[in-house]
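Asks: Next come the chains, spelled out residue by residue.
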Amino acid sequence: MTFDVLAMQAFTGLSIFTILMLMALGLAIVFGLMGVINMAHGELMAMGAYCSYGAARFFENFAPSMMDYYVFVGILLAFVVTSAFGFLLERGLIRFLYKRPLDTLLATWGLSLVLQQVYRQFISSKEVEVPTVSWLQGAWQPTDGIALPLSRIFIVVLAIVTAAAVYWLLFRTRWGLRIRAVTQNRAMAGAAGINTARVDAYTFALGCGLAGIAGSSFTMLASTGPTTGQHYIVDTFIVVVFGGVESLLGTISSAFIIGQMQSWFEFELSGSMARASILLLVIVVLFFRPNGLFATKVRR
Amino acid sequence: MLKVSGLNVYYGESHVIRDVAFDVAEGETVAIMGRNGMGKSTLLKSLIGMLPARSGEISLGGDLISGRPSFARVAAGMGFVPQGRMIFPYLTVEENILTGMENVVDKTVPAYVYDVFPVLAEMKTRRGGNLSGGQQQQLAIARALVSNPKVLILDEPTEGIQPSIIKDIAQALNRLKTDRGFSLVVSEQVLSFAVDVADRFLIIEKGEFVYEGPKETVDQARIHSYLTI
Ligand SMILES: Nc1ncnc2c1ncn2[C@@H]1O[C@H](COP(=O)(O)OP(=O)(O)O)[C@@H](O)[C@H]1O
Ligand SMILES: [Mg+2]
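These protein sequence lines are chains A and B, in that order.
Quick note, the first sequence lines up with residues 1 to 300 if you use my numbering.
Quick note, the second sequence lines up with residues 1 to 229 if you use my numbering.
Bound conformation, chain B alone (with noise of 0.2 angstroms):
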């Protein structure tokens, strides 16, 4: 569904993304773990297209979508969930969610998004800014939902938040993506949330990538020290 290859991507002369590969199949999920500073956030955001990257080739079921501005590869089919997760603070939830539906016909947020995520419902009318951060992820992962994503890319969705609602957020996602069949990309640092979702393990050290296992045979002890050196 989604291939990643040759990608180069800099802050000025810093390199910090480095001819990273990598296929994602469709209803796939994919973690790429890593700790602070390995380049999790770089990576996703060349995806989207908030950051440029310098070369490579990045394909959307078949569509070569590199080079697009962002809002045409949310046309394409990715959807975007970002670290700290960047709620619009002065719309109200429900305009939050609406601001995802730019290529929807019926511009109407659909049941299925409340059902999901009860909390949004109850909060309808309350400014995004003024949620808490597990209520702000799950509003920003509806926003990045209602456009049809064959990808959903998420940036450390469990950062700063309380560990109760990260299982919740796990569960929310699973479901969604049996009932609505996308490919999942999560960056990540909390190990048993990755393996909560995940189906495959990739893991990122200085902008590349040096390892990589499905979930069966992963070596948890092996990723685990990865993350904590």
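So that you can see chain A by itself, here it is in the shape it has in the complex (with noise of 0.2 angstroms):
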């Protein structure tokens, strides 16, 4: 395998890891907060893609000067419209069934079978396709051997910038440091003065608004089909379970060795064979780890 090769297939291993680092993130910290893992959160992907291919849709169709563009409004209106969906699913389903995790997790699944069915019914049973913007079109070629996609960059930075966004708001504000004292200790955090209620629904909101952006991110990369969210959440729930809940860097890092190995192990082997070895790899590490390869040690 020649250098040229090898770094092509290291920055691709790099998108697939900011996809799964966006949901995984998503997941992690709701996970992480309210005990509840949200089946549909494959779904929400999906909605934030649906929003992207609206959005170019409209452009396309009522403002064709400004197209070039559609790709930020798209990226917005998919945090914003998942967000709100997040919260209204907290605040009218999820919160019911707390301390219930088998009950939210059924119910959860429910609603991934309904968006995807309304996804069928309303927008398309086909895969559905943006276009790729004038300047997002082309390549970077550092070198005359590698050729890196522009649009594969753009969801890089997209992604680290979103990274960065989370990090702040949950180190830096005091919303997050709301959101870490309810993670670490949820009667505690109430009995300190903290309204872990809306805490949740907010967080959640957060969580899926996350969600929204990797669908988002995904358009550029592939079509998107009701069932598009299917394939992305069984690779994220590895993803969370492989980084350890406790640590978002450990998620981070985690999607990044995940996203690393399935490039290269696709490269190398057939994609059945590339899974296996990922989950056995995973299964390995978890033996060793239970927690998770970043849990921190702390008494507690």
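Because the hints were derived from the structure by calculation, they are not lab data.
Note that the structure is a prediction, hence the values are computed from the model and not measured.
Do not rely on the hints blindly, as some may be mistaken.
[What the hints assert, rightly or not] Derived SDA-like pairs (lysine to any residue); straight-line CA-CA distance at most 20 angstroms:
1) B/K124 with A/T173
2) A/K99 with B/G213
3) B/K3 with B/G213
4) B/K107 with A/R174
5) A/K99 with B/P69
[Unchecked claim] Looking from chain B toward chain A, a few residues come up when the C-beta cut is under 7 angstroms (computed):
6) I48
7) M50
8) F88
9) V116
Even glycine gets a Cβ: it sits at the ideal position worked out from N, Cα and C.
Could you use the hints to bring the two separately framed chains together as a complex?
Replies: Structure, rendered in structure tokens:
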């Protein structure tokens, strides 16, 4: 394998990583805070993708001159719509199911099926695609042999900016302090004066919004269909479990490792062998480190 | 300041707090004494709303707060330091204190906190989980103090803490009480500590108060007999 192929393969891994990371961050924050496993997280990603698609169609038809900028509108719309949906979902359903993890699992799984059917019925049963805007067409060629697609560079940058924003929110703002306190000890956070119900609703909304951004950037890699979310949810779960739910840096590193492995193994082996090998590795790691690869140690 | 009446708390079918009633005056310190398993923690947790009460009324400075969630009771002027301290292990010392400041406009740790507990200033950036038991106890008190409570509730603050530090904590509490003027409700098994801080003693047995007396006339031998049987 030449260096050029090596570099391009690593870069492919990097763009898989960005989608996984955005998905996994949302899932991990919500799971860490509320112990809720949101089976509909993948469908929220698809919702974000459809928002981008909707923005593209809107600009195509009504403002073709502005078409170059629809990407940003799409991202924003995806975040706003999915987080608003998440907020309503938490207030209307999830909060009644706390302390009943199995029921939550079933309810959100049911919701994922409903959402898939809604996409099929009201958007399209076929896969939809968005056009690549002119300034993201083509590739960056640092050397003659290496070509890195601009659209992939864009989503890597988008993911880095989003992750930095999440980091800032969690570790530099009062909202983040509330979220971390409730995550670590819900009853005590309440007794220290924090309105835990409100923290739950906003955090769930944030987690869903991150899935929306993931979906929006996903449209730049592939076409979106009603079952798009399903393909990503399993990998997302693996990332979260592998990294450990306690540290978001762990989630990010874990997404990086899984994204890279996926890209490399698929290059060397067949697709299903690649997945089997990844799963095997994850199982081995969890055997020795049951709390995930990156769990931190403090006295509890 | 604090009025509790007809309070009943259950775990499932087991009736743990039975028709408890007591008042705490402004600036007064009440010690609730009793052996393990007599219901001290259950009583105090139901005051702050960590456990639901099946019946009874709790009012704070005239506000009826029973039925409200914990955070609203804190907003009404209750501060809570639980048994075992329950520090947020992954938050720094400073962040732990800041969690108590939801209802304070200026969200910086007030100077008096580090004045009374200098060790917390030294450890500001350490994770709460890495502190010793005594340090964690001071941190938990600080976290409750910064919400400017009218009534501060402490559940067995001396449990698992070295005797020398227990003395320090008693001194710090007495100083804070005169400086900041809150009432104090403290549950204890250690009589010497309770005598250092309390104005009045209540003894709880199997979820009921069986003895009450002010510090001046207190029969220490009698309290002791309740604690040791
Ligand atoms: N979570 C619980 N579930 C059921 N019973 C409990 C629980 N916590 C405490 N108890 C019981 O309630 C009684 C009072 O306990 P507690 O309030 O912790 O006493 P104390 O704080 O005085 O040691 C004990 O008999 C104890 O076994
Ligand atoms: Mg107790």
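Asks: If a hint holds in the structure, say so; if it doesn't, say that too.
Replies: How the hints compare with the structure:
Between the alpha carbons of B/K124 and A/T173 the distance comes to roughly 18 angstroms, so the proposed pair stays at or under 20 angstroms and holds. Only pairs whose Cα atoms come within 20 angstroms are accepted, and A/K99 paired with B/G213 is rejected, the gap being roughly 43 angstroms. Using a Cα cut-off of 20 angstroms, the hinted pair B/K3 and B/G213 holds, with the two alpha carbons roughly 17 angstroms apart. Distance check on the hinted pair: B/K107 and A/R174 sit about 9 angstroms apart at the alpha-carbon level, within 20 angstroms; holds.
Only pairs whose Cα atoms come within 20 angstroms are accepted, and A/K99 paired with B/P69 is accepted, the gap being roughly 17 angstroms. Restraint check, B/I48 versus chain A: the minimum CB separation of about 5 angstroms is within 7 angstroms; hint holds. With its C-beta approaching chain A no nearer than about 5 angstroms, B/M50 sits inside the 7 angstroms limit, and its interface hint holds. With 7 angstroms as the threshold, the beta carbon of B/F88 comes within range of chain A, its nearest partner Cβ sitting at about 4 angstroms, so the hint holds.
For B/V116, the interface hint is violated, the least distance from its beta-carbon to any beta-carbon of chain A being 18 angstroms, above 7 angstroms.
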